[in-house]
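Student: Listed in order, the protein sequences are those of chains Y and D.
With the first letter of the first sequence counted as 1, position 509 gets the number 509 in my numbering; the numbers rise by one all the way through.
With the first letter of the second sequence counted as 1, position 22 gets the number 22 in my numbering; the numbers rise by one all the way through.
You may find that some hints are simply not true.
Said to hold, decoys possible - Think about it this way: if two alpha-carbon atoms lie no more than 27 angstroms apart in a straight line, the pair counts; the simulated DSSO-like pairs of lysine-lysine are:
id	chain 1	residue 1	chain 2	residue 2
1	Y	K109	Y	K235
2	D	K326	Y	K201
3	Y	K606	Y	K520
4	Y	K199	D	K326
5	Y	K199	D	K24
6	D	K326	Y	K286
7	D	K332	Y	K201
8	Y	K194	D	K335
9	D	K326	Y	K465
10	Y	K235	Y	K520
11	Y	K465	D	K251
12	Y	K446	D	K24
13	D	K332	Y	K194
14	Y	K449	D	K54
15	Y	K449	D	K24
16	D	K251	D	K282
17	Y	K239	D	K54
18	D	K243	D	K258
19	Y	K446	D	K54
20	Y	K235	D	K326
21	Y	K542	Y	K110
22	Y	K202	D	K326
In case anyone wonders, no lab produced these hints; they're calculated from the structure.
Predicted, not measured: the structure shown is a model, and the values here were computed from it.
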Amino acid sequence: MSETAAQAKPAAVPIEEIESAVIRFAGDSGDGIQLTGMQFTTTTAFAGNDLSTFPDYPAEIRAPVGTIAGVSGFQIQFASRQVLTPGDAPDVLVAMNPAALKANIKDVKKGGILLINKDTFGQANLTKAGYEKNPLEDGALSDWRVIGVELGRLTRNALEGMGLTATETERCKNFFALGMTYWLYDRPMDATLKWIEAKFKKNPKFVEANRRALLAGNAYAETAEIFGHHFRVRKAPIKPGIYRNITGNEAVALGFVAASSRSGLPLWLGSYPITPASDVLHELSKHKNFGVKTFQAEDEIAAIGSAVGAAFAGMLATTTSSGPGIALKGEAIGLAVMTELPLVILNVQRGGPSTGLPTKTEQADLLQALYGRNGECPVPVLAAATPGDCFFMAYEACRLAVKYMTPVMLLTDGYLANGSEPWLIPSVESLTAFVRVPVPALADFKPYKRDPETLARPWATPGMKGYEHRIGGIEKQDVTGNVSYDPDNHERMVRLRAAKVGKIAQDIPATEILGEKKGKVLLVGWGGTYGAITTAVQNLQKAGKSVSSIHLRHLNPLPPDLGDILASFEHVLVPELNMGQLLKVLRAKFLIPATGLNKIKGQPFKVSEIEAGVESLLQGGK
Amino acid sequence: MADIQDELETLPASGPMLTAKDFKSDQMVRWCPGCGDFAILATVQKLMPTLGVKRENTVFISGIGCSSRFPYYMNTYGFHSIHGRAPTFATAIKCARPELQVWVVTGDGDGLSIGGNHLIHALRRNADLKILLFNNRIYGLTKGQYSPTSEIGKKTKSSPMGTIDTPINPLALALASEASFVARAVDTDLPFLSEVLGQAARHKGSAFIEIFQNCIVFNDGAWDSVTAKEVRDEKNLKLVHGKPMIFGKNKDKGVRQKGFDLEVVSFDPAAPPRDLLVHDEKAPAQQAYALVHMGEPVVQGVFRSVERPTLDALMTEQVAHAQAEKPADLQKLLKGPETWTVA
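Using the sequences and the accompanying hints, generate a full structural model.
Tutor: Okay, structure coming up:
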């Protein structure tokens, strides 16, 4: 019997059944907010709910304590139904200080619960957060249910006599708060207790301290009867199977390793640390037992240079970055296009331009991915839709790169990279096999003699006797690959490179349409907006609206059936976290009067924002 | 020279003996007539068959510039990459396939200006690359602008009133970057160039060789003050490991230490002074640093050659270690540390 159950008292407090809940933890970036959120997530997953998370943290590692700039947040939506987004508005906000309250209060549902660490509401912290008066006392929070708790004092009481320093005690207060939220949503604490034990294995004192804080918070929530009642969210009808929680960055890394394993090509990652892509480098550097070689380069250019070199040497080459880094890689991407070497370039998009909003999400690098290089320089572009989908798209990007001998750009974003969802673990055997153009017998070998079906050139690598050849960035003579300045040859090669990328269309599966195949409004999305768009469309369909949606994972080339689908709807609405980049592409390619629905705040779409956009279109308001 | 030949003969043979001709590609060499690059190319092609490395295991990588056309003329694997970035490609090729011998051909603009950063890191990482930097103190391919090694005050197309940039010493940069092999040779003394390149090829680690090279069109005579027949012997000191630093046609001049600096002394060849410096390739880098800065004589040869672990070997070792520690089970990896079952 679990410790939690053993301690449980008869349920004197009523339990209310609810379908879904959204909770946001917020505090200083040193308050352990992300950790608290991840613990709540694991426990929620084990409880059988569907869920989606969204960490939102500042660019500064430790911004001045108590300031708005230093507020870190973690939001989770969980439900007894399908969940595709972290939720529009929190039902519960856990605020560890005045700045956390100030930064988040506008998002919280009216009537929702504010669980506030009262200890921190002294004059100094109030001033730092920009409060002239104490909001706990001046009635500013009358729209919400305020539950003020002296987290610091209560945690100190719980840990008294353990011989901990004041700082060590202070660090446990997030677990006191976590214990309270576990009670509020009737969650077992076993998973977190197990985690505490594993995490602090080497320091039994910390195991005991965190354990005590968690249990004390839980007991306090129950005995002090501060909430009145608590909630229960039943299991969601989820597809049977074995699940894990996964973030987009983890999923990309695993997708690369799986591609390496399935193709038999050892993996190379050349990367330079950049937010929010660095976690892919961290993750892959842990998997050297799969033959992975990771190289932290001196800069972004060296990172992709190394990847192109590794590809020339016969490895499955990847490079990972974010927008500013991709800008620096442009010339080398062109070289990979010219030398027709397989390579995957990951762009975990963030707010731009320039340094922009490093820790926030945006979709404003689509045109950069499609066109951001000198010359006619076609690159296939893929985009992942959810954190778990990052695995499949990373795998697919590798597969296409090798099959067509081309660099491939994979777009994710900060929201997908750091957000997580339960992931039905695929069986290795279910992954599509890799194919490669065979290197012909020596007598038949020319470096640029193409396979007629894919237009890919053969990949002869150093060490192959008799196949010695030279490649480079100067225009290539068709077939031989020698340097050529011939005008006709240049036009032929430009068209051949474009035709080769165009051939990838034959690998794109039929586009799935959510809803009717024709009707009034079609929403066309791509990338990390999948959850918000899908949820909005499902809600609108339930309300009887003629609305369908498709979500593009292939942006170059576009799916071959796209033109017909677009033509089957009266209106095409394109929601994007940019000024309308896919919109431009669709208008240019299909000559349709598509409409944009755009947001550029560094934050993902809310479901309600998409719904409002569709309603407005249906009413002819746009 | 003699002991180097001995070493060459002990290298493993690789099937039928190849000749310089086997290392010539079918492409027409397109440098200006009289360019110093021709001599360097011929020297390298001649050297290759003596190194005991299979042709298919030899790779030449370059960036952009006149020197960077080099790979097209070698019948080995070759990659003419982008401006300044050759070391990045080369580093990965060597790490991906440690059995390859990887050469980088660069120039003073490509290697020290646009690619300066990559050169530093390729050297400190000791990726076992053989880096040849052709120094002609001018931009040739872009038709005559000053380079990072152009002497201050030099009048060029982009500096009609004379340059105001202080030049960089390529070897000092290499030493500061912890290069494990640092050498210098000139394009007019081919036996010596060949000897230095041979040593570089056999060095286990990144080797950096500055080659004084004449650009006949945009900077003709750049090295005449050092290389002209009349002054050659008097103005050049060729280093020999373990031998005192003596130069001059009559072997009547030498180098000795003076405080933190070096000085030239003249003497009767029959009775050289006892305090002449004896060249030691393994000496602390400070000595090499002083030598690379000597204006007269100009010092040639191998300044420094020390052994330390190479990047490719260390990387291979980490992978092997990880593989021995933990079997590569992909399905297990996908599962991660925590799973739950939905029935």
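Student: Does the structure break any of the earlier hints, and which numbers would those be?
Tutor: 5, 9, 10, 11, 17 and 20
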